[in-house]
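Undergrad: Taking the hints into account, I'd like the entire structure generated from these sequences.
Quick mapping for you: the protein sequence lines, in order, are chains A and B. Here the first sequence is numbered in numbering that gives the first Met the number 0, starting from 0 and rising by one per residue. Here the second sequence is numbered in numbering that gives the first Met the number 0, starting from 0 and rising by one per residue.
Possibly wrong hints are sitting among the right ones.
[As the list claims (entries may be wrong)] Only pairs whose alpha carbons sit at most 20 Å apart, straight line, appear in this in silico EDC-like list of lysine to aspartate or glutamate: (1) B:Lys14 to B:Asp69; (2) B:Lys140 to B:Asp183; (3) A:Lys35 to B:Asp19; (4) B:Lys179 to B:Glu137; (5) B:Lys180 to B:Glu137; (6) A:Lys35 to B:Glu63; (7) B:Lys43 to A:Asp19; (8) B:Lys43 to B:Glu137; (9) B:Lys179 to B:Glu124; (10) A:Lys114 to A:Asp152; (11) B:Lys43 to B:Glu124; (12) B:Lys140 to B:Glu186; (13) A:Lys35 to B:Asp52; (14) B:Lys11 to B:Asp69; (15) B:Lys56 to B:Asp19; (16) A:Lys114 to A:Glu178; (17) A:Lys35 to B:Asp26; (18) A:Lys35 to B:Asp183; (19) B:Lys135 to B:Asp183; (20) A:Lys211 to A:Asp142; (21) B:Lys56 to A:Glu28.
I should point out that these hints are in silico values taken from the structure, not numbers from a laboratory.
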Amino acid sequence: MSLFRSLRALRDHERGIQADPAWILRTRERLMMQVKNSMPTPEVVAINRRFADRTWGRFLSLAKGPVAAVMAVIAVIFGGSFVSVRAAERSLPGDALYSLKLVTEQAQLALESSKTGKVKLKVEFAKRRIGELQTIMSGTDEDKGALAGQVADMLKQDLHTIKEQLANVSNDSPDQARELAETAKAVDSGVSDVAKTLNETKNDDELSADTKQKVSDAEAQAVDVGMSALVTLIQATKSDSAKDVISQSDINASLAQHVVIVRQTVNDVLNAASGSTSTNALLSQSTSSTMIKLVAATATATSTSGVLAHDAATALAEAETLMQESKTAEAADKIQEANTKSMLAQTAVAADIASASTTAAMNASAAAANSSLTQTTTTNSNATTTLK
Amino acid sequence: MSALIDRFFLYKLRKHQDADAYARIYDRYIGAIYRFVFLKVPSKEDAEDISADVFLKCWNAIQEHTEIRDIRALLYQIARHSIADWYRASPGRSERTLAVTFSSSETSSIEQDVSDEGKERVVIEARAELALVMGKLERLKDDYRDVLMFRLVDNLPFNIIAQIMGRTTGHVRVLYHRAKKALDALESS
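TA: As structure tokens, then:
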């Protein structure tokens with residue numbers, strides 16, 4: 000018999016080996032007793048349950064990885080844009096993120112539903128532009144003149160939109176005087192700041208004539224918008240519901256501010272005029288006939304910028320007298336007149352100085368003056384209509 | 000199927016602290032474990048003690064939340080170690096017991112009363128046979144001897160043997176076939 004077989008046979012023999020059934024039963028009983036004794040107490044069961052919970056926890060920890068990954072992706076998509084927009088808010092013209100800033104502003108505008116809200120936002124953005132302009136001017140960038148001109152251009156456009164929107168609001172909702180008054184007030188105060196800063200910027204000697212022209216265009220626009228806001232404001236105060244929003248003193252303060260702004264312009268013009276008397280005298284003879292025609296056609300003044308400035312100053316004085324008599328509407332009217340004249344005077348001075356240098360340059364700035372003049376005239380008539 | 004039933008009892012035991020489930024496991028395997036131990040220790044009493052001890056140890060293992068893949072494998076594993084421990088603990092017994100190898104002298108102690116003929120004769124025959132075979136198996140490697148014993152005497156499936164011996168199933172198969180070849184070579188020599 001082979002070993003293999005004998006081993007196999009062992010198995011068969013083994014089959015015959017049976018444990019004593021009585022012993023099996025006895026052992027079983029004893030085992031069960033021991034098992035029941037060592038059975039876990041309720042506390043241990045609770046711990047065991049927690050142990051079982053930990054298996055569930057283990058599943059969660061397995062799922063943690065993918066969840067974290069998804070969260071990270073979401074954070075990059077949403078939080079990332081948030082962070083970059085934040086960064087963009089501090090950017091200046093010429094920066095890589097500046098266009099993003101503009102887009103964000105447009106998005107904000109699009110998300111704003113009320114018309115008054117839109118106007119307020121626009122004013123807010125105009126203030127931002129001013130901030131940028133100031134930062135650029137205080138910086139040492141080489142082409143800061145070009146950048147400033149860019150900002151001034153944008154500002155001009157923005158201000159134009161504000162004006163249009165303000166007119167829209169006052170036309171569309173004559174009933175909501177209170178809201179209108181609030182908006183007009185916001186525009187008025189915002190734009191006054193803008194005009195002041197622009198005026199300061201304009202006198203910076205570092206800027207080229209072209210940029211200066213742009214800045215002063217923007218300033219004219221700002222003053223104009225300020226005027227129309229003021230007019231709207233005065234109009235709104237006539238309604239009772241807006242009385243508590245705007246007090247008489249508010250309007251007076253605003254009027255005074257406008258007077259200050261216009262006076263500044265007038266003074267500038269006077270300085271320029273007296274500073275370049277010779278040029279002026281020369282100009283009075285040599286100014287092109289179109290120039291004179293333009294000036295004659297739009298304003299009461301007939302010849303030089305000096306006369307215009309003087310007229311403006313007189314109008315301002317009248318306006319102040321009217322203000323003291325608390326005839327706000329008339330005062331506003333006078334300030335407007337003064338403003339128009341001072342602007343014309345300023346344009347004339349700019350044109351004069353330009354024409355003094357070359358004839359070609361003169362032609363160009365005459366064209367610029369032309370457009371500016373026309374614009375001022377239109378805005379003027381607009382404002383007067385609103386006033387009426 | 001049998002493994003599935005084991006798993007079911009084990010689950011009941013773990014989840015519901017069901018002592019009866021352990022009783023069922025005991026019923027299923029006490030006979031096999033007893034036989035396994037009985038052939039390897041000299042006396043019936045020793046076999047009974049060790050077998051009872053095996054089930055108690057197994058219960059403790061379950062309570063300690065050790066991972067149990069197969070309760071049968073665990074029982075055989077415990078039995079194997081218990082036998083080794085038993086030999087180690089008693090002075091005067093053979094030292095060569097660590098790998099559960101049995102010298103002829105140990106497994107064939109026939110100095111029992113032969114009064115209870117029928118059953119006892121089977122046992123005596125089995126032991127005599129084992130002693131005969133073991134005498135030759137002595138010359139085999141420990142691993143070969145164990146795998147032959149598990150497979151041919153205890154009639155265990157390969158996967159259980161693998162778990163008892165701490166090997167992979169494939170490794171155990173290979174071992175078994177090499178052991179058979181070695182057995183043939185032993186015979187022809």
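Undergrad: Run every hint past the structure and note whether it holds.
TA: Cross-check of the supplied hints:
no., hint, in the structure
1, B:Lys14 to B:Asp69, "holds, 17 Å"
2, B:Lys140 to B:Asp183, "holds, 14 Å"
3, A:Lys35 to B:Asp19, "holds, 10 Å"
4, B:Lys179 to B:Glu137, "holds, 14 Å"
5, B:Lys180 to B:Glu137, "holds, 15 Å"
6, A:Lys35 to B:Glu63, "holds, 15 Å"
7, B:Lys43 to A:Asp19, "holds, 10 Å"
8, B:Lys43 to B:Glu137, "violated, 24 Å"
9, B:Lys179 to B:Glu124, "violated, 23 Å"
10, A:Lys114 to A:Asp152, "violated, 24 Å"
11, B:Lys43 to B:Glu124, "holds, 15 Å"
12, B:Lys140 to B:Glu186, "holds, 15 Å"
13, A:Lys35 to B:Asp52, "holds, 16 Å"
14, B:Lys11 to B:Asp69, "holds, 15 Å"
15, B:Lys56 to B:Asp19, "holds, 17 Å"
16, A:Lys114 to A:Glu178, "holds, 10 Å"
17, A:Lys35 to B:Asp26, "holds, 17 Å"
18, A:Lys35 to B:Asp183, "violated, 50 Å"
19, B:Lys135 to B:Asp183, "holds, 11 Å"
20, A:Lys211 to A:Asp142, "holds, 14 Å"
21, B:Lys56 to A:Glu28, "holds, 16 Å"
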